[in-house]
Every structure is written in C-alpha cells, then in structure tokens.
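Starting from the structure of chain A, add chains B and C where the hints point.
Residue numbers (the working numbering), protein chains in the order written: chain A, 1 to 319; chain B, 1001 to 1344; chain C, 2001 to 2282.
Since the hints were made in silico from the structure, they are not lab data. Among the clues, some could well be false.
Unchecked claim - Below are the PhoX-like pairs computed for lysine-lysine, each with C-alpha atoms no more than 20 Å apart in a straight line: (1) Lys1310/B with Lys1335/B; (2) Lys1095/B with Lys2177/C; (3) Lys2051/C with Lys1051/B; (4) Lys1139/B with Lys1183/B; (5) Lys1310/B with Lys1051/B; (6) Lys2190/C with Lys2177/C; (7) Lys1156/B with Lys1142/B; (8) Lys2190/C with Lys1301/B; (9) Lys2190/C with Lys14/A; (10) Lys2051/C with Lys1295/B; (11) Lys1295/B with Lys1095/B; (12) Lys1156/B with Lys1141/B.
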Amino acid sequence: MATTPAALPDTRAKFIQRVRTGDPIAHTITGMAAASILAITGLLLYHLWAGSGLPRETFGWSFVTGSAWDPVAEKFGALPFIFGTVVTSIVALLVAVPVGLGAAIFLAELAPRRASDALTFMIELLAAVPSVIYGLLGIFLLVPFLQTSVVPALTATLGFLPIFQGQFLGVSIFSASMVLAIMIVPFIVSVSREVLLAVPQDQREAALALGSTRWESTWKVVVPYALRGILGSVFLALARALGETMAVTMVIGNKPQLSSSLLAPGYSIAAVIANEFAEASSQMHQQVLVELGLVLFALTVLINGAARLMIYSYKGAEK
Amino acid sequence: MTKTIRNFAAGAAMLALAACGSSEQAPQRLTGIGATFPEPIYTKWFSEYQKLHNEIQINYQGQGSGAGIRQVTDGTVDFGASDQPMTDEQIAAFKTARSSGILHFPTVLGAVVPTYNLAGISAELNFTPAALAGIFLGKIKKWNDPALVSANPDVKLPSAEIVVIHRSDGSGTSFVLTDYLSKVSPEWAAGPGRGAAISWPVGLGGKGNPGVVGLVKQTPNSIGYTEMIFAIQNSMPAGRMQNAAGKFIKATPESATEAAASVPMTADFRVSITNASGDGAYPISSFTWLLIPDKIQDAAKRTVIVDFLKWMLGPGQSMAPALQFAALPAPVLEKELQAINNIQ
Amino acid sequence: MTLSFRRRAVNALMLTLTGVCTTLVAGILLVILGYLAWNGATSLNLNFFTKLPAPVGEAGGGMANAILGSGKVLLVAMLLGVPIGFLGGVYLAEFGAGMFSGVVRYVTDLLNGVPSIVIGIFAYALVVQPMKRHSTFAGGVALGIMMIPIALRTTEEFLRAVPVSLREGAMALGASKSRTIFTIVIPAAKSGILSGLMLNLARVAGETAPLLFTAFGNTFWSPGWLNETATLPQMIYNYAISAYADQNRQAWAAGFVLLVLVLGVNAAARFAIGRTPARGRS
Chain A
1 MATTPAALPD TRAKFIQRVR TGDPIAHTIT GMAAASILAI TGLLLYHLWA GSGLPRETFG
61 WSFVTGSAWD PVAEKFGALP FIFGTVVTSI VALLVAVPVG LGAAIFLAEL APRRASDALT
121 FMIELLAAVP SVIYGLLGIF LLVPFLQTSV VPALTATLGF LPIFQGQFLG VSIFSASMVL
181 AIMIVPFIVS VSREVLLAVP QDQREAALAL GSTRWESTWK VVVPYALRGI LGSVFLALAR
241 ALGETMAVTM VIGNKPQLSS SLLAPGYSIA AVIANEFAEA SSQMHQQVLV ELGLVLFALT
301 VLINGAARLM IYSYKGAEK
Chain B
1001 MTKTIRNFAA GAAMLALAAC GSSEQAPQRL TGIGATFPEP IYTKWFSEYQ KLHNEIQINY
1061 QGQGSGAGIR QVTDGTVDFG ASDQPMTDEQ IAAFKTARSS GILHFPTVLG AVVPTYNLAG
1121 ISAELNFTPA ALAGIFLGKI KKWNDPALVS ANPDVKLPSA EIVVIHRSDG SGTSFVLTDY
1181 LSKVSPEWAA GPGRGAAISW PVGLGGKGNP GVVGLVKQTP NSIGYTEMIF AIQNSMPAGR
1241 MQNAAGKFIK ATPESATEAA ASVPMTADFR VSITNASGDG AYPISSFTWL LIPDKIQDAA
1301 KRTVIVDFLK WMLGPGQSMA PALQFAALPA PVLEKELQAI NNIQ
Chain C
2001 MTLSFRRRAV NALMLTLTGV CTTLVAGILL VILGYLAWNG ATSLNLNFFT KLPAPVGEAG
2061 GGMANAILGS GKVLLVAMLL GVPIGFLGGV YLAEFGAGMF SGVVRYVTDL LNGVPSIVIG
2121 IFAYALVVQP MKRHSTFAGG VALGIMMIPI ALRTTEEFLR AVPVSLREGA MALGASKSRT
2181 IFTIVIPAAK SGILSGLMLN LARVAGETAP LLFTAFGNTF WSPGWLNETA TLPQMIYNYA
2241 ISAYADQNRQ AWAAGFVLLV LVLGVNAAAR FAIGRTPARG RS
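The shape of chain A in the complex, shown without the other chains (with noise of 0.2 Å):
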C-alpha cells in the first residue's frame, strides 16, 4: 500500500490518492454494468412497443379485457392468456414455495453435509434439463400420473370446490401447474438453502441456548434472517414461471378461455407467442403477438410491483 505523503494540500493531489485505492473506478466500473442493464431492458421495452404499432391502434385497450382469438377474422384479446399466465404460475408458486423451502430447510439444517451437497448438486441439476423434455415428461409421465392418482382423489375429496369441477382431459391448466411447480423448485432450494447455510451459527446456538426446539429456532430465527434471500429465490422462480413456454404449450391444452376450473385446459402469453410466431404471416397477426410480449411484460411489472409492496409493508409492519 501507498504511504501517504506528508502533507496534502491540494484537494487534486487528495483525488488522485483517492483513484489510487480503486474505489473510483470499481464504483463506476460496476455502476456502468448495472446501468447497462436500464439500458437493454429499454430497448427491449421500446422494440416491443415500436413493433406492435397496429393492434395499439386498432384495439387500444380493449386489447386486454377482450376473449376472442380469431386470427382470419383478426379480432384478438389477450384476456384468456393473461388469465392462464397469472393462474398457472400462482399455482405453481403455492405448490413449489412450501415444498421448496421445506426441502432447503431440511438440507441445510438436518442433512449430514455431504449427503446435503450430493442431493442440492443433483437437485441443481434439475434446472438443466431442456424446457421441451419437460414438455415430453409431461404428456408421457405426469398427465397420465395426474389422471389415474391424483386428480380422481382430489375430486373425490375436494370436489365441491369450483377449482376441482368439470371434466378433466389430461392437458388442463392444472397439469401445466404442476409442471411448472417442478421446474422452478430447484431454483427455491438452491438459492434457499445456500442463504440458510451463510446464517452464523451463534444465530442458532443463542436461540437454542433460550429453550427452543429445533424447529423453533430454524423458523423463528434462522429463516427470518435468510429472509431475504429467500424471498429472491421466489421472485426468481416466480419469474421463470411467468416466461416459461415450450413446457406449458404441451399439456396446458392450448385452448384460449376463461374458466373457473383448474382441471379445464387453457392458453397461456408465451405459449400462444410460441405456437402462433413461426407461422404468423400477415403483420397484424405478428404485431399482436409482439403486444401480447408487452404485455407479459406489464403485466410482471404489476406482479413484481404488488409484491414488492407486500413485503415492504409487511417488514414496515415488523419494525
């Protein structure tokens, strides 16, 4: 390190003393980097808007509470899909979040550490596995699986529930769920259980060394310090819900309507941008498709946004 000189007089020779340590620089080498982000993401944002010119004009707004999908007539609506997006990836959350974090919990807490480390690695290895092996995985394993065991004991048990009604085909926004809930879980235990595992230890042994059980100071006090992290797995994996295409396409049913069943099929923004782009030949019919794109788009701002409030108010609560 730099002896400091004797005396410093000028504020210039201060500055250059200053760069020297590299603060400076690191500071706007990695303020750059995240700035670099505002900006592909704007660019991204103004390609969506510029190339969905058409539908804007001709709809406007009735683009997003409109049903119908009729691309020779070319009346379009984005509610159906807005709907099987939202529904399916909630779904999906309250399926994955439970389990994956109970699965990060008993990993990096209660499992001896190498067997812990063989099961995340492999677990990790989950999030490799192409989109469309999980599309094909679905329609041979999982739909099959969801209509001979699951479903039929759901709707013997929960049957009075609207959710739980109506003829169950196999493809349904249910089995895309599942699908779903699969995919983004390793994403919840990885990031989950590596923030558990940095939680100090003093953490824990103050809180056992207070009287609570196990279980008490891993939920009392482990997880609300890793909370953080926690909830960044959650918006990660929510995130990849949101987008994920080619796996929901194949067992959601690919049928654009509302319906009040999960069992029922349904459609969703990405797959029909999947099905519909290769094929799309008239510029109306793609411009729409770009504008569903903008769509999803607000609506993960509305998702992250709402959620972001959530938290906030509930940690503004806490304190």
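Chains B and C in isolation, oriented as in the chain A frame:
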C-alpha cells in the same frame, strides 16, 4: 496468478481453434427456412446433393411457413419454403423490401388425414365432407351420429361424445384442412374460414403434428388431423375421405399425385388442389413450395439454386416415395423446368 | 426444564415434513433422470459424438456439430452476460443504495420474466437483421441477455450474506473498499456465486426458443462465430417432435447428453474452485 494466465491461454487457444474455418476451398453455403412438413425430404435432397457436389452446403431448417416467408422477405436467408402460397399482399411486401419478385416452385405433395382413437375399431372409417365439417364445427357431437353411421354401415360406432383435437400452433397442415373445409362447407367458410391459425369452435390444441397424434392416442373417442406421414409412422388409423367424384379414397402418394394432376396449373404455381375432381383423387392434398427470389445478385448462388432445382425435378423426385411423399405429376414438372429460366 | 408436549410435537412434525419435502423433490429428480437415462443412454453410440446429422432413413447420424455449437454459443453467452450481471450485483451489494439500486433490481426481475421466445425475437431484430445473417454470435447475445438477471441476483444475494464483521476486519487493517470487495468479500461468497452461475448456465443451456431465430441451426459444421450453427436444445426440439421413431430416440439421447455435460461442467468448476464450509461463519 499463474493459474489465471494458464486459464487465459487455454481460453485463447480454444477461441482460435473454434474460429478457424475449413482451410481448403471455402464451401458455397446457402440457407433456407420454412415449412416443417417437407423437412424430411428436403434434408434428404440437400444431403444427397452435397454428396454429388462436395463444396455446396445447403442448410435447411424447418421452423414454419410463416418464418420462411418472413425471413426470405427480410433477406436473412437465401430461399424460403411454405405449405401455403404467399398472398398478393405478401408478394407486394417482398417486392418493396427486396425490389424483385418471388417465384413459387412446387416440390412434393402431401396429404392431410383424419385420425381417431376408438376402442376396438382399427378399420378405416369413411368421412363425408359434411360429416368432417360438422365434427370440427362442433355440430356433430357423438360418434353414432347418423352422418357417420350411414357412411360406415359395417362398423359399430359407440354413442360416446367426440373429443376434437386440432393444432395449437399455426401450420400448413391446418391451412390445407381449413382450405378444404371452406370449399365443401359454406358454414365453415362463413365461420372459422381458412388459415394456418384460426379460431377453432371446439376442441383441444396440440403442438405440432406429434402433439395432435399424442393427444389423440391418449384421449379415448377423440379425432384429430395430421399429415399422412405422421399417421403411417405412428401406426394410427387414417380415415377415408369422400372426394368430389363421390368415392371414398384412402390417402396415399398416388391418390395425392392424382389430385394434383386433375387441377389445371396456373403460371405462378400458386394453386390449391383440395377437393380435386379426379376419380381417384384424395381431396385433402396439397403442394408445398420453395420460395425463390427471381433476381439473385450473387452469381455463384444463382447457379447453385438453378442447378439444384433442375436436379430436384429430376433425380430428386424419385426419392420422394421412399419417405412417403408424393412426387409431382409430369405436366407440372415440365412447366417448372421452364419457369426456372425466370430466375435472373 | 421439559418442553411442553405441543412444542415437541410441532418440532417433530415440522422436521419430518421437511424430510418429506426433500424426499418428494429427490424422488421427482430420480424419476426424471432415470427416464432420460433409460430412454437416452440406450441410443448413444460413438457416432452420436462424432458424426453430423443424417437425413431420415439413413443410419449412423450423430450430433457432433450440435455439441460443439452449444459449447460455442454458451461461451459467447457467458462472456457477454456474466460480467454484466456479476459486476451489477457487486454494485448493488457494495456500492448501491437509494433509488437507482432499487430501480435496477426491479428492472432486472422484469427482464428475467420476459419469455425466452421474446428475447429471441429481440436478438433477431438487434443482431440478425442488421447483419443479414444468422450466427453463433447472435445466439450468444440472446442467451447472454437471459443470463444477466440470474447472475446479478445471485451475486448480490451471496455478497450480502457475507457477514459485516469480515468487511470491517479488512477495513480496520487499512484495505480500501474496492480491495476489500475483491480480495475478501467475493472469495468468501464464491461458493454461492458459483452455485448461481451453474444454475444460470444449466437453465440457459436447455433453452430452445431464443436460438431458433438467432443461431438458426445447421446440418453441417459451422466454422467461426458468424455462421449459423446447430445446438443441442434445438436438435432435441426438432427430433422430439418429428414423425420418425429413430429421431425421437436421438432426441432423448441428446437430452441425456446435455444433462451429463452440464453435470460435468458443474463438477469440474466446483472441484477447481473448491467449496468453502459456509455454515457458521461469523
């Protein structure tokens, strides 16, 4: 520190290795994109052609007719391929974008068949045009509907409800079927109409031909439609369609070629052959086309394309039946050979 | 002091439940890997790794060009996406505060939610249309954009997880802020950051949709970085939905190979960097 340097060196070496191309004569590379239906025969052709002309690599990717039309208009590929002819609008857009015209060259014929899943019935069911339209419109709801029973007196059709399966993705296969239905059913023409992606009155959507076949296989009492090849390869039953001459015809390469032969060909080759009038013609047949710009700047590429087209119309055609594609009828072949001269 | 029955019961129940969750996840994992291995491994042979794809009906084809192509595209993606994400994460964790950071974090989450096919369309407009050609580079740009959000979020989270005492210790010894970050904090978080990188790479390695319009696919070898190239996920997609059983089998084999490759890279990286015992640092 040394570790970093070592890693750097390894990385640089890998980059150099990956960047070096073939050191001998640079191959002539062309790219094409478009319909997925003819992809098996196109890849076979380009592979065989490369064996004859070692330095010519024609890379074809099947990503959909729409992508083919779009990218050939953008100029990001050398040629396109489509299961449906370009509309006048699209041809005009091409002229504006590339300041040249675009030519259609039919390559092979395909057929779309209704396929179904009925327990205990592996026979080929007969479908009249009205019956098929009624099923896909959702008007005919049960398998033992009089329209189906009268066409199949020897088969015991169940009283189960029909589950309709259609394509969720835009596709040439859907275009051919809806083109046919629009011709034979005024109600269909006024309603869903013809298109690669339409608003289906009833049914579930499967992605791709295998998606439809998969759903049909898994869903009892279902009916879907798919390319003849998929039905054959997956051992699915294929229904017989009643053609304009009143006969129930099975889809085969021969009956498809007969459909093509019985329809007069236009000069620009953009013709639909569904509901053809020939006696043995299969009514849901269609051409598939290569889309070639009529002005090609690069002289070397132009020579390759012209030569390939001539080869395709000659030895290439004989490779089609082995892959269950139907070859073009003779009069069409001759017209095309002449049309090649329009490429400048 | 004995604990109340209720507290002990809850303790036993919840801990068992977490075990159940883990068994569930591990079970699903085994089924998937087993199914892939069963269907895929049986179709593997030497040709798969050395030959170009053969047209339907011809035996002896392989996916050698797709394996190399995937490697090249992923390399470009890592070189583009990881530095931006990593440095951005460093900024948010170490330098940032206030509205700018909040906005960056929010926008990154938005970017993460964009469907992969939309990113592909974006990369097509950004790279392929101006260049008038498809290329490995364009594919790398598309996947690189997808890597940024995960790289940023995981870097930030794991840097934040490093205890303050470590930083304070370094600064007390006279290290500047940037020196502390790069010599103390980042190495302390390297296990988590690496884990995030692997997750990232794994996810992106299996993406098909962004590559359709950018890398395009190729039935032949692709020299350099500016030509179209075949990639494993695209081959899987094409072959899985083809009519021919032989190609379907190859699709499973390719899926299996992809998984094994990611596993291999994962294992090698962990071995090289080494896992630090993260539990109980204080």
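Violated constraints from the hint list, given by number and in increasing order: 2, 8, 9 and 10
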